[in-house]
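Got chain A sorted already, so can you dock chains B and C onto it with the hints?
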Amino acid sequence: MASELHAEASPTGSSPWGLALRRLRRNRVALAFGGLFVLIVLFVLAAPLWADHVADTGPNQTHTLEKIEVDGERREVVNVEGKPIGPVWLGGGGKFFLGADGRLGRDEMVRLMYGGRASLFIGFAAALMTTVLATILALLAGYYRGWVDTVISRTLDLIWAFPVLLLGIGLGIALALGGLAIGPVEIPSGSIWITVLIIGGVLVPYMARPLRGQVLSLREKEFVEASVAQGAGPLRVMFGELLPNLSSTIIVFFTLGIANAMLFEAALSFLGVGVQPPDTSWGSMIGDGFNLISSAPLLTILPGTMIFLTVLAVNVFGDGLRDALDPHSKVLLEAHSGMAEPEGTAI
Amino acid sequence: MAAFTLRRLGEMVAVLFAVSVLTFLIFNVIPASDPAQSMAGKSATPQLVASITEEWGFDDPLPQQYLTMMGKIFSGDLISYQGQENVVERIVEGIPATFSLCIGAAVIWMFFGILFGYLSAVRAGGLLDKLLTVLAVAGISIPVIWLASVLLYYLAYKTGLFPAQGYVELSEDPVDWAYHLILPWFTVAVTLVGLYSRVLRSNMLDAMNEDYVRTARAKGLGERQVMTRHVLRNSLIPIVTLFGLDFGALIGGSAILTERLFGLDGVGLYAFESIENLDLPPIMAIVLFGAFFVVLFNALVDIAYAYLDPRVKLGSSAR
Amino acid sequence: MRKLGLTLLLPVLAAGSALGLAACGGGGKEGGTLTGSYASFPDYLDPALSYTQEGWTAMYNTYLPLLTYAHANGSAGGEVVPALAESLPEITNGGRTYTLTLRKGLEYSDGTPVRASDFARSIERLFKINSPGSPFYEGIVGAEKFAKTKTGSITGIKTNDKTGEIVIDLVKPRGTFSNELGMLFAAVLPSGTPAKNITADPAPATGPYVIVKSEPGRGWSYTRNPAWTRTNGDLMPDLSAGHFDKIEIKVVNNDSTQVNEIERDKTDWMQPPPPADLYAKVKDNYEGTQFRVEHPINIYYFWMNTTRPPFDDVKVRQAINYAVNTAALERIYAGALAANHQILPEGMPGHEEFDLYPHNMAKAKELLAQANPSDREITVWTDNESPNNEAGAYYHGVLKELGFDATLKTINAEVYFSLIGNASTPDLDTGWVNWYEDYPNPNDFFQPLLSGESIAPIYNTNLSHMDDPKLNAKVAKLGEEPLGPEQEAEYAELDKAYMEQAPWVPYGTNTVSTFVDSEIDLDKVIFNPTFGHDLASFERK
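Keeping their order, the protein sequence lines are chains A, B and C. Going left to right, the first sequence walks through residues 940 to 1286 as this note's numbering numbers them. Going left to right, the second sequence walks through residues 8 to 326 as this note's numbering numbers them. Going left to right, the third sequence walks through residues 791 to 1331 as this note's numbering numbers them.
This is chain A alone, in the form it adopts within the complex (with noise of 0.2 Å):
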């Protein structure tokens, strides 16, 4: 790849990342989807504006024995049954919107904007952290190969042995209860990064494997071959050399790792092993719901379509990035796939 993209350069004249943009810009779908994953984005961090100015309360405020009155007839959050008041749309001047989510008669509403900042937040992080430690893992194993590589891909296979959900369960609980303290680092047990860590380490094995894969066949070009002739540092090569060439697969890894990263976290969340109350995330709010389905349907379908419009929305676009970068590398599709995994497997 490292070669096309070498050798197109030169006769147009204008740079490859220039190339690929004029090729994204071109596809429209892609575009509409980014689009959509943009306006979810403004939709989530309008959240404390709709909660002060709007719906006047917040995600945690319960409302149990309230009223409130919706075009002119007062009518009780939750009833006497425990069933909580349906979406009142704007009949209730904009509170209660989407209705209460379930006994406690919060706004649910507001924990849906609430609620996906946790997940877009987890998403972003998770999928970052595994795509640097991906990176780093990949260009050490790749480059030094020998015994390096055969520990790198070692832990690596140790953890990718691992049923992934099992693993992602486990340190769920074990971590939810007593926090995490390694060193100076000290993380307490209901922190949201506990998660962010989970789902970024458990993830790394599915993006370092491809990329490493790439390292090494990299590594046999002539222009790296070179530059080490030339005298150039281990550094100099990983980051001067390699890393630029990767930096494709890479961007692609890493917008297709959020749409892993947030169908993992929903997985545990709803198990009840990720994100923990107080804070609350889509998956969170599904499995909430989930005790309600037959009267409430509402409160586990809104959430969850909202992961798959931003997931749809992710992988459309990521899609797309990856047709503009290089419509014909083979690599990364089967990291796509070998991507894909992960979240496949997380059913």
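Honestly, the hints are just simulated from the structure, not real lab data. Values in this document were obtained by computation on a predicted structure and should not be read as measured data. Don't be surprised by glycine CBs; every beta carbon is placed ideally from N, CA and C. Among the clues, some could well be false.
[Said to hold, decoys possible] Calculated pairs, BS3-like style, for lysine-lysine (alpha carbon to alpha carbon, straight line, at most 30 Å):
no.: 1; chain 1: A; residue 1: K1022; chain 2: C; residue 2: K1073
no.: 2; chain 1: B; residue 1: K49; chain 2: C; residue 2: K1056
no.: 3; chain 1: C; residue 1: K1056; chain 2: C; residue 2: K1040
no.: 4; chain 1: A; residue 1: K1022; chain 2: C; residue 2: K1190
no.: 5; chain 1: C; residue 1: K1040; chain 2: C; residue 2: K986
[Stated by the list, open to error] Beta-carbon label-pair distances, calculated as ranges:
no.: 6; chain 1: C; residue 1: K1153; chain 2: A; residue 2: R1013; range: 19 to 29 Å
no.: 7; chain 1: B; residue 1: F65; chain 2: C; residue 2: S830; range: 22 to 32 Å
no.: 8; chain 1: C; residue 1: A1203; chain 2: A; residue 2: G1025; range: 24 to 34 Å
no.: 9; chain 1: B; residue 1: E61; chain 2: C; residue 2: D1165; range: 41 to 51 Å
no.: 10; chain 1: C; residue 1: K938; chain 2: B; residue 2: G78; range: 22 to 32 Å
no.: 11; chain 1: C; residue 1: D1028; chain 2: A; residue 2: R1013; range: 51 to 61 Å
no.: 12; chain 1: A; residue 1: G1025; chain 2: B; residue 2: Y186; range: 23 to 33 Å
no.: 13; chain 1: B; residue 1: E61; chain 2: A; residue 2: G1172; range: 53 to 63 Å
no.: 14; chain 1: B; residue 1: A185; chain 2: C; residue 2: N1224; range: 35 to 45 Å
no.: 15; chain 1: B; residue 1: V114; chain 2: C; residue 2: T1021; range: 38 to 48 Å
What follows is chains B and C alone, placed relative to chain A:
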């Protein structure tokens, strides 16, 4: 070939050992989780707790506890902390449900994945291809918990078309068995159909440009024959290897979510309960059970790959 | 009208049903098979180990101790009556010696005779297998030593197999001992019963039903105990022989499925209450005909640690009592909660209803302003099981509304109790907890939960760290006296005295329910508050 196989299997054992040690450490490092105290009940006296601790060996050094537990797993004597039931027996009881779920779903996703992939490839660029691609991308993006909720609400709770929960033994009533599994099968298969069809499509499109295909066409073989005999066959190899990995991982524990959503009494559900209860003996046994399948299928895939592509045997593959 | 429909339906059911009603051949109320479902397998089917109402329900009519609890609803079910013993114990020596006589002619289901020494071995077995019930019997002379050494025998129990006499010596007088002799832990099992969990291979029975098949995780079944038919039943005519010939219980994880099966008459009875989202519907449709709310004796409350500010000020604690609205909590429990504002719940002897702090937010804020605590940082604890976690979240919200800087910590239910019971856990300010009775004696509440003696560095049950010397003395004194009307009146006063100090915010009693299909006579079903549903009381209409 034999040497490679043996080496691979040896690696398998080593990995399983490492997995068991890691699991043991994770769950023994949890603070405030003293199994002796849980067993002693709410009016526990220190003496009672001490007695239980001694009897169960909770104050033995960790390596010794580890070895005792592993020994019990293989001798079939392992007893859980909660309710003190025989762990291995309970796992064996859960196997039918888990296998029914995974194998059934596998048949569905492979069939439709290959079918859609093939159709997309032969009519690449056309309307069908575009439609199938859209479905595939949507499929990969669907969160299982959402799909299950939607199906459960609309097809089970609201309309009563399908049962919402529960597993019926195949031996008891094959029709009811399948009836209870339709929604779970669909839930598991949807995501993977999308993925597999895309991978197959891509592989086939690449293969169609290969030299051997041009040769076959030049020899005068019909398009259909070229497609199925050469292109499809060669494109299936990566699919099969991918299947091995996914299936191994699915049996290995990813079925937890689906079993939980649909109340299927399999190994996954037992795993989830045990983890919630911090009940280490079943956790260890189930993790090993799961890891075994993951590692087994990994090894089988590698061996098959080595058999089919001798270049790979020498290690350091680009996988 | 309905009855007519049923008469037409019955022959059809009898003919084609897979429920095994074959034995009755189309008529009669006796005989046949009772089918039931549980949401999970009981903790143990070993009477020496089971410590849940689900387990006790399963074994109430199978394993009999020397004494038992009357098979009756409500407070009548708290009466201790003779079972394998001829009569209630003779209590002498200042409350330290209990003498009983084993009935003559009793047999186990395998035909072997029941002997007095079997009782001693059964109590010793409790200590040998580290039963969670063993603390109740540590007051027997020689028991503590036996618990440590597990060899020899408990010197304080003397038995005579020829006469059937059993004499138990206690270290101190213990007013609750008769209650404890009626617990399932004290069931008499054959002397040779192995000192390990026998759930998968249950011991022979002395009661009307014997467990014939046990598949842990899956289900279990009973048939009539031949020993009961032969001799035991005649010796204990006050205990019902049961109406069904066989009882089959299966484990069905999903509560909605269980409800569904009852509604379709496929299962006769479900042990758990209907799940929250179906509860209201089932109650509306079947109350009085197939559904009945039951009141086991338990208390759900928020404890306040009186040794940590701001809870060291009684005004603050009273203010919080005024602020919490039990009506909201009833809604949160979707109807499965009966509000309660005092230590003793309804059904417990000594319960005389009162509410010292009826909900009044204004009053709460006023009291709080008077108290004006300087430390307003509070950590609120709760476990992660629904709806307890929601109760905790509600409580957290109320504290915030009062102006406290409250943080909510939700902990895995498995480790919750040991975590909050451990003094080394930081910030144990206030939180959720519940307590189910062991037996209907108020001392079972006051002693572990509110007496200064119970405060322990680990496994603490007195989470409020309540330590009032006068009240402690009262609890100890009452604990030595067997329960009578005088004691009940004093317990009622004690209840008020404690609530005046407001160490807790009690909010309610968790209710359960009886839900049977259309064939079972709901009115005849007995729910004993301690043991749960009485399987021997189920009969067809």
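We went through each hint and held it up to the structure:
1. Pair hint A/K1022 plus C/K1073 holds up; C-alpha atoms about 14 Å apart against a cutoff of 30 Å.
2. The hinted pair formed by B/K49 and C/K1056 fails the criterion: a straight-line CA distance of about 37 Å is larger than 30 Å.
3. Distance check on the hinted pair: C/K1056 and C/K1040 sit about 12 Å apart at the alpha-carbon level, within 30 Å; holds.
4. For the hint linking A/K1022 to C/K1190, the alpha-carbon distance of about 25 Å falls within 30 Å, and the restraint holds.
5. A threshold of 30 Å between alpha carbons decides the hint, and for C/K1040 with C/K986 the separation of about 24 Å falls inside it, so the pair holds.
6. The supplied range of 19 to 29 Å is met by C/K1153 and A/R1013, whose beta-carbon atoms lie about 25 Å from each other.
7. Look at B/F65 against C/S830: about 25 Å separates their beta carbons, and that is inside 22 to 32 Å.
8. As the Cβ distance of C/A1203 to A/G1025 is approximately 31 Å, the hint placing it in 24 to 34 Å holds.
9. For the pair B/E61 and C/D1165, the beta carbons lie near 42 Å from each other, so the given range of 41 to 51 Å is met.
10. Between C/K938 and B/G78, the C-beta spacing of about 29 Å keeps the proposed range 22 to 32 Å intact.
11. Taking 51 to 61 Å as the suggested C-beta distance range, the pair C/D1028 and A/R1013 conforms, at roughly 56 Å.
12. As the Cβ distance of A/G1025 to B/Y186 is approximately 31 Å, the hint placing it in 23 to 33 Å holds.
13. Between B/E61 and A/G1172 the beta carbon distance is about 59 Å. The supplied range of 53 to 63 Å therefore holds.
14. A beta carbon spacing of about 43 Å between B/A185 and C/N1224 agrees with the range 35 to 45 Å that was offered as a hint.
15. Take B/V114 and C/T1021: their Cβ atoms lie about 60 Å apart, and the range 38 to 48 Å is violated.
Violated hints for the displayed structure, listed by number in ascending order: 2, 15.
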